[in-house]
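Letter by letter, the chains look like this.
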Amino acid sequence: MFQRIAESSVIDGVDIQLDGEICRVPITLSVAAAVLFIKGDADYRRHVDGHARAPFCLMGCCHECLITIDGEPNRRGCLVSVAEGMSIERQLGGSQDDG
Amino acid sequence: MGELCQAEIAIIGAGPAGMAAAIRLTQAGIRPVVFDMGNAPGGQIYRQLDVPVIGETLSGTDYYRGRDLLGDFSRADIDYRPRSQVWWGQCESDGVSLGVVDAAGVSRWHVKRMLLATGSMERSWPFPGWQLPGSMQAGAAQILFKEGGLVPEASPVLAGSGPLLYLLAWQYCRAGCAPQRILDTTPASRYRLPLRYLRGAWQGRHYLVKGARMMLALKRAGVPIHHGVEALEATGKHRVERVHYYWRGHWHHQDTSLVLTHFGVVPEPQLGRAIGIPYDWHEGQQCFLPERNRSLQARTRVWVAGDGGGIGGALNAEREGRLAALSMLTIPTNDVADRKRERRRLEQRRATDLAVRPLLEAMFRLPSHWLSEQPDTTLVCRCECVSLGELRRAIEQGAAGPNQLKAFTRCGMGPCQGRECGESVTRLLSTVQALPPQEIGYYQVRPPVQALSLGELAATATDA
Ligand SMILES: Cc1cc2nc3c(=O)[nH]c(=O)nc-3n(C[C@H](O)[C@H](O)[C@H](O)COP(=O)(O)OP(=O)(O)OC[C@H]3O[C@@H](n4cnc5c(N)ncnc54)[C@H](O)[C@@H]3O)c2cc1C
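Chains A and B, in that order, are what the protein sequence lines are. Per UniProt numbering: the first sequence ends with 99, consecutive numbering throughout. Per UniProt numbering: the second sequence ends with 464, consecutive numbering throughout.
For the record, the hints were derived by calculation from the structure and aren't laboratory data. It cannot be assumed that every hint is accurate.
To be clear about the criterion: a stretch of chain B counts as covered by chain A if any three or more of its residues have a C-beta under 8 Å from a C-beta of chain A, and this derived list gives those stretches [what the hints assert, rightly or not]:
| # | region |
| --- | --- |
| 1 | 34-45 |
| 2 | 49-55 |
| 3 | 73-81 |
| 4 | 159-170 |
| 5 | 408-417 |
Chain A stretches covered by chain B per the calculated footprint, using a threshold of three residues with CB under 8 Å from any CB of chain B [what the hints assert, rightly or not]:
| # | region |
| --- | --- |
| 6 | 4-12 |
| 7 | 38-52 |
| 8 | 69-81 |
Chain B is nowhere near these chain A residues, computed Cβ spacing over 12 Å in every case [unchecked claim]:
| # | residue |
| --- | --- |
| 9 | E21 |
| 10 | I22 |
| 11 | A33 |
As the structure is a computational prediction, the values presented were derived from the model and not from experiment. Built from N, CA and C at the ideal position, the CB exists for glycine as well.
Sequences and hints are given; from them, build the entire structure.
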């Protein structure tokens with residue numbers, strides 16, 4: 001649902017693992033931005049009430065972008081930059097974020 | 001919490017306010033420590049400007065204006081700590097204690113003086129369906145644009161009010177993905193207000209001319225702009241499929257997979273409130289602002305500069321940063337007269353820059369009864385899924401203030417700690433009880449003001 005514009009400057013890519021699948025993404029992206037870029041927002045996260053949620057503010061306030069990064073759950077994906085070899089898992093179980 | 005770190009001055013936030021303050025302090029021989037949650041300096045406006053992804057023709061000139069400031073910041077002798085969140089703070093007689101969490105874990109700091117330059121966040125403004133995937137804030141879309149040159153694949157609908165909405169629309173047009181339409185909740189008549197605020201209009205002509213040019217460019221690009229939209233709704237099964245808007249006496253419908261909203265920005269309240277700074281309701285800005293004196297001082301050892309102290313824009317934030325730095329310098333030197341002059345100059349420029357604010361505030365004034373006119377099913381607390389109807393019932397049953405409402409409904413108890421529902425709750429109580437927001441007040445904010453992981457919490461507990 002988001003694409004890179006042709007005019008944007010050439011940036012290095014890094015390989016990350018999103019739910020086990022290896023993907024190459026621009027190094028300047030946050031984890032939340034990378035997931036939106038690769039998968040879109042439809043299955044970003046499942047909320048405690050079972051409904052789908054996706055990043056809303058991308059600047060550390062709303063906590064809608066909670067995601068598991070390198071095994072640690074409930075990280076704010078918008079505050080963490082992607083890094084080579086990083087493993088990202090979406091929290092699609094629906095009961096994890098009430099911490 | 002590990003060993004105690006010390007510094008003379010700590011600055012929280014590396015946006016224009018924090019950067020300018022840090023640079024000014026180094027000129028006086030002080031090496032401040034600067035904590036910022038971001039990966040690079042710049043704050044909101046100059047995000048990613050250290051390694052820019054989008055060119056000036058797409059970003060607009062204001063963005064690239066920040067390069068000088070970033071350059072000075074990177075050359076100055078500053079203990080700059082990116083990816084560091086200040087999650088706790090407490091004023092003490094001899095300084096301020098801070099809890100900081102970064103990749104290495106949690107640490108505790110004691111500083112003699114502190115500057116809060118924590119900036120603003122987008123105002124939360126509930127409408128039915130705003131929690132669906134496919135509904136995002138315009139600032140979030142702009143962050144994707146700055147960080148990665150990312151734009152929506154399908155043309156979005158932009159809705160709300162204020163300059164940032166038009167800036168994003170204009171940037172998208174330039175990038176070749178013009179929005180489907182702009183649903184502006186500002187009535188068309190408001191754009192004639194400059195005629196009534198002549199002084200403000202003259203002082204702020206830069207903003208007004210820029211705004212008018214953007215609107216013209218959008219019209220030329222064929223983007224329909226509807227002024228005076230009165231209500232908004234997003235619907236879809238699992239994500240946004242359509243938006244509905246009430247305009248000129250009817251509901252209209254538009255298929256879209258993305259609706260980007262903006263209803264102005266408000267100071268990020270958490271840290272200031274947690275350390276006990278009093279906040280007052282500002283009628284013009286329609287939000288709470290921290291109390292500060294002319295020197296931007298809020299407590300004996302705490303200063304607040306930039307949008308975190310009141311919305312004044314990036315240039316004003318820079319000036320406030322410098323002003324606060326001057327006021328924080330306690331060591332007597334032989335350049336007292338120079339400093340006085342510098343200070344007067346900054347104060348004058350600041351007054352000129354702020355003269356446009358009453359006009360902008362009047363132009364983009366939001367309807368204060370908006371929330372109480374939404375349907376009962378509208379979510380107010382996104383984290384705990386508390387609806388407007390539940391809040392109304394709790395108020396009827398006697399929940400008289402924000403903290404009681406929280407205890408009755410769990411509103412504001414989720415991971416965002418009330419950032420997204422706090423002022424909505426104040427607004428709702430104010431409307432229902434017919435009392436001014438100042439009398440209603442706000443949630444009691446307690447640390448941690450930034451989310452900690454279990455491991456981090458454990459580390460703070462072992463020797464706290
Ligand atoms: C999403 C968004 C987009 C914007 N885009 C524009 C734009 O394009 N053009 C424009 O003119 N204005 C824009 N603005 C307004 C702009 O923010 C201000 O004019 C200007 O950036 C204010 O500068 P500042 O230094 O006060 O705060 P900011 O630039 O917001 O910087 C505050 C910094 O403090 C950090 N911080 C906050 N709390 C903590 C904490 N507890 N611990 C550690 N760090 C913390 C934040 O991460 C941030 O980096 C935008 C505002 C928002 C919210």
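Each hint tested on the structure:
With 4 residues carrying a beta carbon less than 8 Å from a beta carbon of chain A, the region 34-45 of chain B meets the three-residue requirement, and the given coverage holds. By the rule of at least three residues with a Cβ nearer than 8 Å to a Cβ of chain A, the coverage given for the region 49-55 of chain B holds, with 5 such residues. Counting residues of the region 73-81 of chain B whose beta-carbon sits less than 8 Å from any beta-carbon of chain A gives 0, not enough to reach three: the coverage restraint is violated. Counting residues of the region 159-170 of chain B whose beta carbon lies closer than 8 Å to any beta carbon of chain A gives 0, which falls below the threshold of three, so the coverage claim is violated.
Figure legend: the region 408-417 of chain B, annotated as covered by chain A; annotation consistent (3 residues with Cβ-Cβ distances under 8 Å, at least 3 required). With 6 residues carrying a beta carbon less than 8 Å from a beta carbon of chain B, the region 4-12 of chain A meets the three-residue requirement, and the given coverage holds. Residues of the region 38-52 of chain A lying with their CB closer than 8 Å to a CB of chain B number 8, which satisfies the three-residue condition for coverage. Given a C-beta distance limit of less than 8 Å, the hint that chain B covers the region 69-81 of chain A holds, as 7 residues qualify and 3 suffice.
With a cut of 12 Å on Cβ distances, E21/A stays outside the contact zone with chain B, its closest approach being about 19 Å. Every CB of chain B lies more than 12 Å from the CB of I22/A, the least distance being 19 Å, so the non-interface label holds. Against chain B, the non-interface label of A33/A is violated: not every CB pair exceeds 12 Å, the least being about 6 Å.
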